[in-house]
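Chemist: Dock chains D, S, A, E and W against chain C, hints included.
Chains as they are written, first to last, in my numbering: chain C, 59 to 314; chain D, 59 to 314; chain S, 59 to 314; chain A, 59 to 314; chain E, 59 to 314; chain W, 59 to 314.
Simulated from the structure, these hints should not be mistaken for lab results.
Which copy is meant is left open, so a pair is good if it fits within one copy or across any two.
Here are the computed lysine to aspartate or glutamate pairs in the DMTMM-like style, where the Cα-Cα straight-line distance is at most 20 Å:
1. 209 with 253
2. 238 with 70
3. 204 with 253
4. 209 with 302
5. 287 with 253
6. 314 with 302
7. 158 with 70
8. 204 with 284
9. 238 with 69
10. 158 with 189
11. 294 with 114
12. 79 with 69
13. 276 with 70
14. 276 with 69
15. 276 with 241
16. 238 with 289
17. 240 with 289
18. 115 with 313
19. 238 with 73
20. 204 with 302
21. 314 with 248
There are 6 protein chains.
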Amino acid sequence: MSHWLQTKSWEEAAEAIKESKGVAILPVGSVEQHGFHLPVGTDSYVAITLAECAAEKTNALLVPPVWFGWSPHHMVRPGTITIRPEVLMDLTYDIMASLKAHGITKVVMINGHRIVNIIWMQMAAEKAQRELGITVQIFDPAYMSKDIVGKLGFGAVGHAEEVETSHMMYRYPDLVHLEKAKDNPIKPQDLYSVDPAYTHDTLCYVPSAYSHALENAKIAGGTTGEPSKSDVEKGKVYHDHLVERLVTVVRRLQEK
Amino acid sequence: MSHWLQTKSWEEAAEAIKESKGVAILPVGSVEQHGFHLPVGTDSYVAITLAECAAEKTNALLVPPVWFGWSPHHMVRPGTITIRPEVLMDLTYDIMASLKAHGITKVVMINGHRIVNIIWMQMAAEKAQRELGITVQIFDPAYMSKDIVGKLGFGAVGHAEEVETSHMMYRYPDLVHLEKAKDNPIKPQDLYSVDPAYTHDTLCYVPSAYSHALENAKIAGGTTGEPSKSDVEKGKVYHDHLVERLVTVVRRLQEK
Amino acid sequence: MSHWLQTKSWEEAAEAIKESKGVAILPVGSVEQHGFHLPVGTDSYVAITLAECAAEKTNALLVPPVWFGWSPHHMVRPGTITIRPEVLMDLTYDIMASLKAHGITKVVMINGHRIVNIIWMQMAAEKAQRELGITVQIFDPAYMSKDIVGKLGFGAVGHAEEVETSHMMYRYPDLVHLEKAKDNPIKPQDLYSVDPAYTHDTLCYVPSAYSHALENAKIAGGTTGEPSKSDVEKGKVYHDHLVERLVTVVRRLQEK
Amino acid sequence: MSHWLQTKSWEEAAEAIKESKGVAILPVGSVEQHGFHLPVGTDSYVAITLAECAAEKTNALLVPPVWFGWSPHHMVRPGTITIRPEVLMDLTYDIMASLKAHGITKVVMINGHRIVNIIWMQMAAEKAQRELGITVQIFDPAYMSKDIVGKLGFGAVGHAEEVETSHMMYRYPDLVHLEKAKDNPIKPQDLYSVDPAYTHDTLCYVPSAYSHALENAKIAGGTTGEPSKSDVEKGKVYHDHLVERLVTVVRRLQEK
Amino acid sequence: MSHWLQTKSWEEAAEAIKESKGVAILPVGSVEQHGFHLPVGTDSYVAITLAECAAEKTNALLVPPVWFGWSPHHMVRPGTITIRPEVLMDLTYDIMASLKAHGITKVVMINGHRIVNIIWMQMAAEKAQRELGITVQIFDPAYMSKDIVGKLGFGAVGHAEEVETSHMMYRYPDLVHLEKAKDNPIKPQDLYSVDPAYTHDTLCYVPSAYSHALENAKIAGGTTGEPSKSDVEKGKVYHDHLVERLVTVVRRLQEK
Amino acid sequence: MSHWLQTKSWEEAAEAIKESKGVAILPVGSVEQHGFHLPVGTDSYVAITLAECAAEKTNALLVPPVWFGWSPHHMVRPGTITIRPEVLMDLTYDIMASLKAHGITKVVMINGHRIVNIIWMQMAAEKAQRELGITVQIFDPAYMSKDIVGKLGFGAVGHAEEVETSHMMYRYPDLVHLEKAKDNPIKPQDLYSVDPAYTHDTLCYVPSAYSHALENAKIAGGTTGEPSKSDVEKGKVYHDHLVERLVTVVRRLQEK
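Bound-form chain C, shown alone (with noise of 0.2 Å):
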């Protein structure tokens, strides 16, 4: 049976905020470029895929999937849609104080979006924890996959990269078209990285200007990384691991 509250009569949804503990999953993507290979909803299908994973195993409460972040970047394609995070910001705020008045106490956001995503939801998060009184934590695979990516040989967190495209070829296949995957290795920078498991020291992340975007966009089609090193196999333990860090995630404030 379904988790997500939008198949669900209301009486129905009481009855399953009963059984969620108050524990509500909020995925959150983006509509952007993802290189030759990988559809503009990708991050999207990410947090959809993590959450209904992890609901199964934990009867959170599914709510209906923000399919569009914050992208100015990514504008450089076709495709791309982008909304001011402080709409953003708003939007969540909305769907989470709803979920308080009906017994929703505790959400974790899913970012399908990684690193820029994020930026908004913090603010989201402490506002809904400050004025709501419900507690939110913001679950992002670049974040939560530390600890196995290495293992996997994958390279860097990037764009449409082999951690994405394996993902998706696992979950999505259908979607994805491998055979027009283009590589960008990730050449290091200077004091610079975008990865979360980076270990030097380095400047904190901006999205990139546009003039910046339209460069890179021209190498490889918007990917940076390198896709042709996906592998399904890996796609699924990637996976695994996710939803199993998001089932303890989940649990922990169920017990809370």
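Modeler: Here is chains D, S, A, E and W on its own, set in the frame of chain C:
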């Protein structure tokens, strides 16, 4: 092949935008109580199914749905999520601004939520037309079924009534629990009706106050109307009528 | 004796609020082009005269008029003033919040501007009901004359057409230059009408884009409809009908 | 013939703008308690009458009045309406932006409300000058009567005091109930005065806190000053002085 | 021992708040051109030195300075930084709200920037008084030196004139390059003066338009007034006068 | 000679901007509790001293510091001042927009407040890059000392811990009361760490809820970490490392 933007790579998106002749459909719904028998996502499902059916015939581009609407009065029952109208305006404005950047010049916003969402959609549409220089039209089932609803023997527009229920029975039978439906016949009110087909003098629509909505929700689980009169065959006629209308609207925009 | 708040000392205002049984009328109009023959303040004058006539019979409190409305599409002709709808919402919200502090618990907003202002008024009314705990009703001549307009032989709602013109001829004859009026008969449009009495399928209203309004303004000086069919006697019947409706609306609120 | 914009057709408005040499007068007032003897609309009436008299002599365009001002401290008595200053800024900015579009390049804002409204008017004026490229001047009776008030034997600027009362007696005798007026002589305060003519050290003006305004309103019905010293003849001299000043200001702008 | 909050541990801050008897001083200035001879931080230095001297005598708590002010018109010369007034309002409101949470109930905002900053400070002060229930006073050198400036033989308030220059010479001699100063005597203007000590009829202050400020900046490097008349001894008298006034203001608040 | 903008006349500012090769440093800190032994201004002092030392070697322009940061969770102890992040974004955006107008095209924001301020700085930096066309980099001590902190034998990033304390001992010895410091060793938490050098899976950072921060503040006066391990010599090494990094960052920008 899917017309949903999220399923496409950016190269496919570019191609789809060309084939759409610059027309996108943006489905908007709500997550709100719909009586004992319909899912809280009803309004979104209605918008989504109309969008999908019309896109198949016209190649209009389908934008990922906005699941959430403005539903302050339905917060009286669990599962309802309400977003401030100004946030929804900003969200859909940003979506349209992004689409514009990629060549979409005509947008049909489908409103599955009927009378309430129309308000902020009108403001979003006006702003998008003025600032982005695009054409925006608002397609609402209640306004686009005036020609057919009477013929089908349906009563006035209410909430979770025979019109919506028949439609959902035809398109999403698994999500309808007709056996739980409870009738709450619409009593004529002097100088007031929310039905756009109403031909007599009326005050303008204002979303119900919480206390009033709470009273109403106690009568038949939030239903206003007579879902017992629902009929899947009529649902089909109703759906086909709306799809035909939507196809007409899209084609005219494509010819501009 | 005047029912306008602005003419009263605060002691008289306190007395008037008591006599109003907690009901205030807030007239809202616009300053926008009304063809060659009507003044730009027409919509405001309409709201004001209805308010005055109904107050005389009910002792409702008259709040100073909001002369300005939302008229982006009429900026194509000089004299038009347009205020952003969010500003008008804030303005009227603050007026109602102030009234509430002094004992007004029911407000009738009269909209002389018809279909355009209704949009933001609905948002202002909902917010006032929810946050201030008052009752707000929106009284619009176009929606409150459906029962009479057909009988009078008037055509559909347009702009500066025979309905508005006849009304102004009856109430403000000095401001009407009928000799300058130019007809611009309303051509039926498939799947679209701004007339609230329209009984067929229609897209929802969106204020015209500038370019479209500019085209229209060239035809008959901004008039849509047939002012040559105007008649002061019909104007009187129309006015009396609306005043009677408004009196009914106010009295019901007073009895609550 | 009236100089009020609202009375004119758009063709007449175009003509009037030309005759105004690009100068409009925007009267702004307030609706707030004015003691036992003056109407709550006093500040607006003051702005309106000055505007009308100066327009007759200069052909400046009269814009419909903004009846409402910022009056948080006067909410202690019924009939007062207070609008947030940021809303008034937005409202008057939009008015000026609309006027600019039709050829008005110079605006005189008349402030009948004295010291309180000036604050947000300064911000609105600066923004209009910077963003619209127009010239905006703020004409305030209290600042434009420093040369005459002493000669007339009036005391310092208070509220509903002999200055305002004499002015209203001359221009709107029917709205003044002098027999109800109660004196509340202005006691000198060390290092503080709201009178713009005050020549000694002073803290800057801040609108009174509610509790302080409440105390004050109990003394003489909200009056600060000595209305018993009012005199219709002095009111005429005062009025003529202000009109002369306003005419000078308008003419200089017309000559620019 | 320093009275600046930033230098104290939280235990020391708690003690300092107690000793301040609930009174904090918030120095606000600007970073804007001040002619050839004064530093762009002049207004902030003025606020800081007054605050420091008065705190020594009263134990008022010193809040870290707001270096930046509203200076749109001085952007004509490099080094000027201008902040939108609504941002400055929000910033100082949040500072006061935080202080309130720790026991500060009375705040003196010192405005080193004179007439321009006062505008938004009045709005911030009113809001803080109303929403936080604290007392806020605005101390501005130009308004608090009316009693002394004439005696010292200084001319009217201009910009970087002999008053500011003498003050800076006394308190920050290293930052003054008197040898570069250029005079720009203030020419009387009919019906307009920015000097708060001006006793004749005047329009209200509006910050200069860019083009006007640009003209002015060409005359004497942005100076308005006669810095050649500056004198360090007079600067001392002026400073001592203001400190004495500020001490008086603080002590009265402490006694409340 | 000082590199601070505020100390310069506008002519000197113009010269300094030229010498800076278009690079400005904007130090941002916070005013928040830092345990029993460090001043509440610690974060600002850290940003200021790094800025000063790097400017000496690079001639970068120093912009007056933003003393205040976002510290909602530290309001549990007196002396803390928290500003809403959107206000800080607006403030720093306006500062950068003003700098841009005078020729600064590259800004390094130094964040003395570590992980919390980064959030809004990322949004401000993105907006400035996109709208102003400048380059903005965020320099944070915690992210720029990953290479050195382990070598020095310091523990993880906490609050007022041995890292900050050693740094303050070296640069501002008079403001440190080491004798009052109390240790609160950082306990490893499963799936969560705020240390940017943490190499394992983690949820993303969200500022603590008030209740949680209150609990924590009771343990060691708000300290998290082991200040007893502080050492002035290590503080020097740490400082020199950061200054060297900052100099590198500035020089690269100057060479662009």
